[in-house]
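Based on the hints, put chain B in the right spot on chain A.
Protein chains: 2
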Amino acid sequence: MRVLSNELKDHINSEVHLEGWLHKKRLLGGLTFINLRDRKGIVQAVIKDKAEVDKLKGMQIGTVMEIDGQVVEEPRAPGGAELHDVRIKVIVPVSYEMPIEIDKPLSHKPDNLDTLFEHRAIGLRNINEAKVFLIRSELLRLIRQFLYNNDFVEIQTPKLVGNAAEGGAEVFKLDYFGKPASLAQSPQLYKQVMVGVFERVFEIGPAFRAEPSATTRHVSEVTMLDIEMAFIKSHDEVLNMVQDMLYFTLTNLWANHSEELRQLKAPELVIKPSFPRYSMKQIHEMYQEANKVDMSAEIDLTPDEERWICEYAKEHDGCEAVFATDLPKPKMKFYHKAKDDKSAQSADLLFRGLELATVPVRENGYEDLIRQMKEAGIDPDDESFRFYLQAFKHGLPPHGGCGFGIDRLVEKTLGLGNIKEAILFPRDINRLSP
Amino acid sequence: MRVLSNELKDHINSEVHLEGWLHKKRLLGGLTFINLRDRKGIVQAVIKDKAEVDKLKGMQIGTVMEIDGQVVEEPRAPGGAELHDVRIKVIVPVSYEMPIEIDKPLSHKPDNLDTLFEHRAIGLRNINEAKVFLIRSELLRLIRQFLYNNDFVEIQTPKLVGNAAEGGAEVFKLDYFGKPASLAQSPQLYKQVMVGVFERVFEIGPAFRAEPSATTRHVSEVTMLDIEMAFIKSHDEVLNMVQDMLYFTLTNLWANHSEELRQLKAPELVIKPSFPRYSMKQIHEMYQEANKVDMSAEIDLTPDEERWICEYAKEHDGCEAVFATDLPKPKMKFYHKAKDDKSAQSADLLFRGLELATVPVRENGYEDLIRQMKEAGIDPDDESFRFYLQAFKHGLPPHGGCGFGIDRLVEKTLGLGNIKEAILFPRDINRLSP
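Read top to bottom, the protein sequences are chains A and B. Taking the numbering used here, the leading residue of the first sequence gets 8, the next gets one more, and so forth. Taking the numbering used here, the leading residue of the second sequence gets 8, the next gets one more, and so forth.
Simulated from the structure, these hints should not be mistaken for laboratory data. Take the hints with a grain of salt, since some may be wrong.
Note that the list lumps identical chains together, so a pair holds whenever it fits in one copy or between two copies.
Below, computed lysine-lysine pairings styled on BS3-like, alpha-carbon distance capped at 27 Å [said to hold, decoys possible]:
| # | residue 1 | residue 2 |
| --- | --- | --- |
| 1 | LYS240 | LYS47 |
| 2 | LYS240 | LYS16 |
| 3 | LYS62 | LYS240 |
| 4 | LYS346 | LYS96 |
| 5 | LYS240 | LYS64 |
One chain only, chain A, in its complex shape (with noise of 0.2 Å):
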């Protein structure tokens, strides 16, 4: 019966059976050190008899092998425990010397992103480098626990698309047997259809952009968590369910998974269960006056009003999460909804420094949204938004939503520089492999 590594603790003084990848080979005094480490974290062993140690003779890091031992209280080893006596079984032999170091932490620095990309592999191997995934598969699960407990139906959209115009990034293009079809940048207009149906969807799925610009903001394939909701009485109340759902996740994140979040030195949570709320106008007002700037030619948050604002939250509200809110009318979309001539019913979600979602209230009214469309430079006649006005001209309730990224959550949850970093093997306009 396999024993892990995180349960050796639970078995002082008896024998057990491990199975795991050979992650270090040390001589010491003699004795022979070795590191395991299977899916729960590193076991340490100690080899005397020369038999065992022979058998390790050529192997190299990586080696897949099953030992057993004694379990003996060692508080200096991971787990408080090691393995004495141990007999070894090497299941796959490995010959080829690693690459890399994968049981030192792996360089993050902007100049080293490549080669970390390169060896992804084998690069993940490393217990901070696996962490950042297991933290990311939390947060997911966490995510849709909370939309599932809010009566929050999930979709699956079409990433096939005819014409994918809808949200103003560049888009991939393909050959579709024949006709002219392109990637989904977003599952905007299926997800407000869907609204019709069971007023509150969410999507998490794949979302593509040909973004031509290499920065540590932009890849070319996103996971995208979208979120819509119908039968809203306000801007507020989509507001409020991105809000909970962000603080549902972090708060119980931190909760269940402190240990594995320091150890990656992701900065401590300053979170309230209320963001705070500034206009864009006011935003821009408070980071004139506090940074002695002429804000007033900028529609838009600037990156560091952007970084400014959540540090100024952090410190004068307790919470890094703000709602930049009011965003100006040029930032709209056509299928977002006016406040009145200056500005949309929207806002964004700022965690850290950095927009995590746009949150807008939507465009319910079939004529409005026609002339909307127009105003962008739309067709509506496009053979593409036909089942997607259909709902609209027969009925679709006011409705909100957010498409938010998950990537972007997970880079300023653990404090990563790139967004890269936050993707399993990410995809830039430099990067198609691995």
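Relative to the frame of chain A, chain B by itself:
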């Protein structure tokens, strides 16, 4: 405070506030009856007051409204109660007549499927059409629950890849910033690499196949569940995990949703915790004997055999899910592990006559894998395989898993006739919209 339709029976003799869509309107003996639809179902309301009836003048199905009224017990109404003394507030007036009748069952006859999909955006507002996708969401929730409980980590792997030649299906090609790229037909290579990190991984996401066939089984965009588990001792261990997952999912679905399943006329579930296992050779022989036909020339199971063995197992073993084991060598992919000269360590999971998944042990030896790639005509030096082979070069334990068709599972669970009916917005050779 909004009350939902399924809560009405808890408010008998009280005043309630409802919100939803006008779903049906009829005059009966001087009274106006309306059905209001919300995300939980239908409420019947009886309107006497002429001023209220007048508000409905010209209002078509789909009109979004709030209604207030008194809840009265009424065994003949949906949910056992109806609304009297109704006051109506129209929120979104709809003046266009519905092109289809959504309060009656929509036709799913093969000839009518195109009409069904053309009107999908509003056709899904039919209560039973919507239920298909509630069941789908619930199936996915249960699958995730099982996998989390069994220590699987959820991953997201890239859909934009340099070379997607691993699976044998036709792939979609596109231009990726001047480089040739493909849409992933499966996460096969990535998930295998990831067992080197987490031992047990899964992904639920889209997969793309440029299927030139227009059948009831083929679509060009599917939702796949990919599972992979390491440190296995036998093929049976993998089969057991997939079997336990399906058993858990389906029995819980029936335990929690039997009413909806019966409304959808889903076939009653006949399943056992342990699925019968027959080798392909046995199935050929059993079928040959039962049907007096010569199957000696067949390598793969014919669709008729797939149906027959499921019927046979349902009758003789009390289980509609069957494993067809020892798949013949010619069906083997380069990443499968051979059993002997004739067969692979691979099985097909059949359910109600359809293959849901192929469940093999993977070849985990670095040199053996390279040999099998070459035998399959795949160049191991192709840049797209570098990361994949790197993981094997540095030690991957024995592992196995499956690619499991979620759309097929939904189709067969509900007894639909065509995979497309299990997909919100299906894609095939003739269909790129809606």
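These are the hints, each one checked on the structure:
no. : hint           : in the structure
1   : LYS240 - LYS47 : between (47 Å within a copy, 19 Å between copies)
2   : LYS240 - LYS16 : between (54 Å within a copy, 25 Å between copies)
3   : LYS62 - LYS240 : between (70 Å within a copy, 21 Å between copies)
4   : LYS346 - LYS96 : between (69 Å within a copy, 23 Å between copies)
5   : LYS240 - LYS64 : between (71 Å within a copy, 25 Å between copies)
Comparing the model with each numbered hint stated earlier shows that all of them hold.
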